[in-house]
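Asks: Now for the letters of each chain:
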Amino acid sequence: MSMLDRKLVRDFRRLWAQGLAIGLVAAAGVMTLLLGVATYQSLFETRQAYYERYSFADIFASATRAPLGLMDRIEALPGVALASARIEQRAVLDIEGMDEPATGLILSIPDTGEALLNRLYLAEGRLPEAGHAGEAVVSQAFADAHGFRPGDELSAIMGGVKRSLTISGIVLSPEFIYSIGGSDILPDDKRFGIIWMRYSDAAASYDLTGAFNSVSLKLQRDAVVPGVIGALDDLLRPYGGQGAYDRSQQISDQFLSAELTQLQAMSYIMPPIFLGVAAFLLNMTLARLISLEREQIGLLKALGYGSGAIGWHYTKFALTIAALGTLIGWGFGAWAGRGMASLYAEFYKFPFLLFQDRPSSFLISGLAAMVAAVLGSLQAVRNVAALSPAVAMQPPAPPVYRRFFLDRLGWTRMFPQGLTMALRNLTRKPVRALLTVVGVSLSTGLLVTGLFTTDSLEYIIDATYFRTDRQHATISLALPVSASGVEAIMRLPGVMAVEPTRTIAVNLRNHLSSRRTALTGKPANPELSRVTDSDLEPVPLPQTGIALSSMLADILQARVGDMLTVELLDGSEKVIELPVTLIVTQFMGLGAYMEISELNRALGESDLANGVHLMLDEDRTETLYDEVKDLPMAAGLALQRKSLEMFRETIGENLGISMGIYIALAVLIVFGVVYNTMRIQLSERARELASLRILGFTRLEVSVILLTELAILTAVAIPLGCVLGYVMGIGMSEGFKSELFRFPLVISRASYTTAGLVVLAATIVSAAIVQRRVANLDMIAVLKTRE
Amino acid sequence: MTSIAFRTEKLAKVYGAGPTAVHALRGADLELPLGEMTVLLGHSGSGKSTLLNILGGLDRATSGKAYFGDLELTHLKDRELTRYRREHVGFVFQFYNLVPSLTARENVALVTEIARGPMPAEEALERVNLGARMDHFPAQMSGGEQQRVAIARAIAKRPRVLLCDEPTGALDIQTGVTVLEALTGVNNEMGTTTVIITHNAEIQRIAHRTLVMADGQIVSQEVNQNRVQPSEVSW
Chain A
480 MSMLDRKLVR
490 DFRRLWAQGL
500 AIGLVAAAGV
510 MTLLLGVATY
520 QSLFETRQAY
530 YERYSFADIF
540 ASATRAPLGL
550 MDRIEALPGV
560 ALASARIEQR
570 AVLDIEGMDE
580 PATGLILSIP
590 DTGEALLNRL
600 YLAEGRLPEA
610 GHAGEAVVSQ
620 AFADAHGFRP
630 GDELSAIMGG
640 VKRSLTISGI
650 VLSPEFIYSI
660 GGSDILPDDK
670 RFGIIWMRYS
680 DAAASYDLTG
690 AFNSVSLKLQ
700 RDAVVPGVIG
710 ALDDLLRPYG
720 GQGAYDRSQQ
730 ISDQFLSAEL
740 TQLQAMSYIM
750 PPIFLGVAAF
760 LLNMTLARLI
770 SLEREQIGLL
780 KALGYGSGAI
790 GWHYTKFALT
800 IAALGTLIGW
810 GFGAWAGRGM
820 ASLYAEFYKF
830 PFLLFQDRPS
840 SFLISGLAAM
850 VAAVLGSLQA
860 VRNVAALSPA
870 VAMQPPAPPV
880 YRRFFLDRLG
890 WTRMFPQGLT
900 MALRNLTRKP
910 VRALLTVVGV
920 SLSTGLLVTG
930 LFTTDSLEYI
940 IDATYFRTDR
950 QHATISLALP
960 VSASGVEAIM
970 RLPGVMAVEP
980 TRTIAVNLRN
990 HLSSRRTALT
1000 GKPANPELSR
1010 VTDSDLEPVP
1020 LPQTGIALSS
1030 MLADILQARV
1040 GDMLTVELLD
1050 GSEKVIELPV
1060 TLIVTQFMGL
1070 GAYMEISELN
1080 RALGESDLAN
1090 GVHLMLDEDR
1100 TETLYDEVKD
1110 LPMAAGLALQ
1120 RKSLEMFRET
1130 IGENLGISMG
1140 IYIALAVLIV
1150 FGVVYNTMRI
1160 QLSERARELA
1170 SLRILGFTRL
1180 EVSVILLTEL
1190 AILTAVAIPL
1200 GCVLGYVMGI
1210 GMSEGFKSEL
1220 FRFPLVISRA
1230 SYTTAGLVVL
1240 AATIVSAAIV
1250 QRRVANLDMI
1260 AVLKTRE
Chain W
254 MTSIAFRTEK
264 LAKVYGAGPT
274 AVHALRGADL
284 ELPLGEMTVL
294 LGHSGSGKST
304 LLNILGGLDR
314 ATSGKAYFGD
324 LELTHLKDRE
334 LTRYRREHVG
344 FVFQFYNLVP
354 SLTARENVAL
364 VTEIARGPMP
374 AEEALERVNL
384 GARMDHFPAQ
394 MSGGEQQRVA
404 IARAIAKRPR
414 VLLCDEPTGA
424 LDIQTGVTVL
434 EALTGVNNEM
444 GTTTVIITHN
454 AEIQRIAHRT
464 LVMADGQIVS
474 QEVNQNRVQP
484 SEVSW
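These protein sequence lines map, in sequence, to chains A and W.
Numbering-wise (this note's numbering), the first sequence opens with residue 480 and increments by one.
Numbering-wise (this note's numbering), the second sequence opens with residue 254 and increments by one.
Keep in mind the hints are simulated off the structure, nothing from the lab.
Bear in mind that the values here come from a model prediction, so they are computed numbers and not experimental data.
Each residue gets a CB set at the ideal place from its N, CA and C atoms; glycine is no exception.
Please note that the accuracy of each hint is not assured.
Derived list of chain W stretches under chain A, where covered just means 3 residues or more per stretch with a C-beta under 8 Å from a C-beta of chain A [as the list claims (entries may be wrong)]:
| no. | segment |
| --- | --- |
| 1 | 338-350 |
| 2 | 364-375 |
Pulled a few chain A residues facing chain W out of the computed Cβ check, cut under 10 Å [what the hints assert, rightly or not]:
| no. | residue |
| --- | --- |
| 3 | P546 |
| 4 | Y880 |
| 5 | L902 |
| 6 | F1176 |
| 7 | I1259 |
| 8 | V1261 |
A short list of chain A residues far from chain W (calculated; beta carbon distances all over 12 Å) [claimed, not checked]:
| no. | residue |
| --- | --- |
| 9 | M480 |
| 10 | F523 |
| 11 | S534 |
| 12 | D590 |
| 13 | D836 |
| 14 | R861 |
| 15 | P1058 |
| 16 | E1124 |
Bound conformation, chain W alone (with noise of 0.2 Å):
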């Protein structure tokens, strides 16, 4: 593999057709490095869930490419797009989609029970500091600690890459920062390439890199080099 995560050509998808077809994406071109956290700007509708979406396999491009590695993306079929996020990607979601009939540990092991030499849904909860809420169901946490269970459930697997689309969204900031901290955590001591889309400007300073869209393409690209601790944003 090369040391670029994602990369992508004149990436382009239009929902709909004739008049009333929206553009999504416009010929996004981008280059992710390995291990790299990067943070995605951009207002409503300028195409960065569209572009995570295709990146994460639960999407099809309507032109372009994208690459993962040497994986084409814009090729594969339904099962094999499957296998690709089966095996590659951690989803973290705003609204954490956690399984309400399982406690967290048995969320996470919802995921290692599918995944090729996964850690221990223990160890993926104690990473997130949440050792001590294991058998919890949803409904009886706090939403950042939902949203924490959610990252294990993604990183128990041992993910290339973890792709985040709000993750803060529907947080305060005390329970936000605890957050990006499990993602920092994991993106510093396993290497995994972290995507984190966001409409909080302010998350960029804990990142590696900035891109920002507008109008389904790439309008800026920055890599930060002075990155800070999740606690000390605030926002």
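If we strip away everything but chain A, and leave its shape as in the complex, we get (with noise of 0.2 Å):
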């Protein structure tokens, strides 16, 4: 070992405590490098492969009853591979042990064999067996959420008959990764399951034989998607064809994709911060350790060192802090990366998980480790390098201070001289003020944009359920129902108040741009499902023309007085122009709506509803569920308010976990940052520091001089911290914004002062770890040295 490489060896030795600081600053970066790529990848590798082996569709679409014998003509389209027929119903679900119903999604399979497409992953017992009548297998999600093993039983009302169904078998399908009911705008997995029957047994039920209502599609390489979308639309038309779609409005896919670009955008956004802010820290920490060892550079230049060698012998003193952050960030994104995996896998249901660990990431992880360490040891080795061995001998000329403009306005004089040097040593190093400034907010911002998805979140809750869809329960109904059959829902036990609603598909169209979705009528002045304006208060749907949420106003380019052309995908091949008159705000989904008795009018229909909505006298829930569980005209009945207890619990969890690495990573940023400028003042302080003890100061009075600086860049930084966690906070709104749902920023006050109160404890607890070391200022050594 070279006598150089030996010095290297004891300084680290002396510094540990420093270089361990930087060092786990750079760990979270490589941390969270290796974490979001891996978990990234993992994610998108597993997926496709999902997605391959379970031969997922490409193109979805559905119809009210079209003949099997349109499937050749389907097949037959250009740029079509394969094509699968099946039946889709909504089912209302009645669940032993469970008082409130379920609703199921019914979905057939061939007669035998498998399915084409959508194939499903038998996780447990068998497909049902044809000519076994009431065999179903069901969704694991939901089978877990029930506890239900192969043999068990459960009755759904199809085709307004109540069957009894027996499971054969539990399976995952590549279609509902992410699972969410008709109405529901949460995951449920307790009342929201899907079944798998036998074609025959199904088409029984729905009076469907020889028919089906939902058509999936594989496409050739070479496809055009829109031309086919096309063209199935046109064969599907005449049955009631309710647009076809591609899997970027497949809602499972459609979840996870939001969820990947999130993770890719993490990956994007975090790395740099802690790289960065660990090239500033080894950055001032070579600089102190330059400026002391000047003697020694000198020396080592007077032997016939060259200034390269003495340089490289500095970097690779950050070379080794950077090497010790990778380790430890390795060691942890390995671990971590695993375990966030299988989370991910295990909240989305995928039947396996190729987790992806690739060499690459932790070479990419490594090198930008060592790269943020030599960036940061670039401005200590150029002074190395501008040292001349004569000069570098000489103690350093004192420090040059000058008056600042609160000293020319003459304010110094009424501060105590504590103050005074604080102020003077920041205006004397602006710059390591300043990214101590950063660094601080930094972490502060990195800690508000953690804390305010919760408010969000709650803002979207409130919006949602207490101020938009205020109905405890909805009723979605088999076929449409006139007056008389929604007064009849009204006179079921514990309903307080009814609301009809009549949903149609529709394709809205506003010059060149277009998009599937719902149309919603709804009572000019509804009760219970409202519509509301920016502000969240409760607008009247205008008596003509058509509302829509301000995403779909935005994917369609339209504005209030647009006309719209509205295809009515309900087989009656209407296409109708409506004025938008309002624009409603919505957080989640893409909205339509109209006053009910002018969509039933544009329909050529009297009053008709295919939903209600529910206001329940909570104390009689058990006897309407009841009564629904044998309720013919029922397809579905959405509990919204047992969903919102669900999804609670549930996110309270992630959550909670997701709060807590944000929390471990601020207060990482914030020791690194804090430690080590403390640290390195009192290094350069520690002679000033300890002839203030000897004048008679006590420890506590020199505590508070050497802390005063950190104090007043802390105070700075905090309030900076918010603003910059507010302007990190709109980045991640638009970052997390899609097709499926807006994340408005809201950020309470609450978030602001607990992320100000966690930095402050942190940098207090930091500064605490160094202010230790004021008690062994040595007192007699200051008398006799020179700096």
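With the hints as a guide, bring both chains together as one complex.
Replies: In structure tokens:
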């Protein structure tokens, strides 16, 4: 080992605490990079493989009732590789041990063998046997929520008749990685399940023998997607085709893609923050080390070492710290990455997980840390090169201080000397002060962004469940009913109020933009399911025209006053022109609304409803549930409030974990920045502070002088960090925006306060660790030594 | 208070233990009268700095006793030593030890802020003839000027004693003399008991008393009958 390397080892041993503090920040950078990339890659690859192995379709469409004979023509469409027809219906489920009814999505599989597309992964049991009526397989999430095993039974109202179904197996499907009920906005595995039955069995129940109402396509490689969609729509239109769509609008894939986008965004944002902070800390530490070792550097140069060799020596110091950080980051990253990917795989239902911790991502993250280290040491190395041996062996000239603007104003006369010292130190080293502020603000900002997701979520929940969709439950109906049918529901036990709704599939077009969505008819002044303006105040639906959610209006590039072409996808092949008369605020989904009788008129029908919102007497829900379980016309019951409770639980756990991570990362940055800044300050000012002790300053007074600067920086950094958090929040809210939901930027005062307090606490603790060294200031040494 | 400022009895100080132990003081006995200027002479390692550190409340003796008037220093706790330094002792160091980010006036004010009944910082600086340089930073002053700021800082709280460790050690003769003049001035005008450590035997001519140390003990003591002005000494 060369003598310089031996010096390196000893330097490191001496400065291990500072090195570790910086190393941990770098480790966080390496870890977040590794974690982000590994989780993203794992999810991406797993999804890809799952889709391929289980033949996830490319195009989806539904109709009211199409003859099976049509399939030949669909298969013959240019670009289509495979086509698979099936029955898709909703059913109210009655499950033993559960008071409220659940909703089932009934799907058919061919009478023999497996489906060609959207194949099932059999987790347990077997597929229903042909000819064994009443056998079904159920989705695993649903089975898990109820503890179902093969052999268990449940009842379903299918085509107005209550049937008993026997579970023969438990499956996963690439179509329902993220499964969400039709009128739900949040997944609720207890109250929404997917049930697959053999075709003949399902067809008999729904009077669809020889027909289908849902079709999936696999495309050839060179297929033109819009062309296939157009051709399929043309074929299905006479049969009530509701508009075909590709994977980008398939709900499960949409959620998964949104999640992947977020993951990717995080792996772009987080690592640079940490590595940047680590580089700054290295820069600061090396600068101090070099100023302390001027004489040694001069001596080395005098002995014939070149600037390059000495510069490399200090760079190696930085690289050692980066290497330490890389190793820690790799260790935690590999461990947490696997855990994170398994968590995702469990949350989304994947049958397997292709965990991807590629050597390349290890290499890249390690390299990134090294680059940060080299960047951090550049300035210091340049300073080493600039030192001439003769000058280096002289003690440095005393630091030159100048008066700053507060001096010129005469304000400092009124300040205690400790404050004046702090202010002059800050103005003398503005870059360091600035970077310290940036570091502390960054972690405050990071915390604010970590905390505000809860605020936004609460805002969305308040807007959705307590201002807009205030109904306790919604019954969806198998077939539209007239006013008398709605009245019948009103008479059910425990129902306090009802509100009819009519929903049909439409294709909205504005010039070149178009979007397939649901158009919902509601009373002009609804009490339960309302529409709200941007202040979340309820607004009446205009008597004429159509109201769009702001997200849908953006997609269609439509403004109030524009005329929209509305294609009704109910089999009527009707096309009407409607003006946009209102834009409403909505955070989830792409809503379009009309006054219900106006909608019925446009459909050429009398007052019909295919859904009823309910306000319930909470004490009598059980009787109501029993009635609904036997209600022939019900196709499903959504219990919004129950879903919300469930959602709160799940999300509460997940947010708890991510909050913990954010806090840990933010604290790490604060510790890295504050500990190093303080150590360096203490080293630079040790002599000054020891002199003050000799002059009779108490330890507390000396500590106050030492900490004043930090206090000023923190006082600036925390509010600045809150502003930064707000700006980062804007970015995050934009980044998370998808067609499925918008993430409003809502940051409560409590989030700012918590972020500020956590950072303050971390600052105080880090400073206190350094402050203890004030007690060990060597008063005698300063009497005898020149700086 | 008696007429004795400092008194020690068999004062000993050992650094380290076992075979590597260093005996810095081996039972030093002394009595320094109030208001006198004493020069402490001796070679490097003779124990003079250790003695001064114990008298100034910066270090603790291993055994023996040290009194400031009636106050026994050897049993004071850290907090009490701090108070002792704060209220009674002014220090002047070889390397000035000024706070570089504070001007001359502010360096002095640093002490007057925490002292009881101090003189104004300006007055302290006038006493060492730095009235015109009050708003200069240490980096803008010569060594002699910096040392005089240090003296002003030491006397501003009207200390009972002034302890100076090699106050002219880093200075050339001319500036050294100005510093000694400032010290004598303080001693004459304010009656501050002053102890000066030096290698420089010539300086003893301005003092009331000279103690010579060797091997951790006081080996001789001499009262100076013919004090001279600092301007008359040279080295």
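Asks: Which of the numbered hints are not met once you compare them with the structure shown?
Replies: Of the numbered hints, just 3 does not hold.
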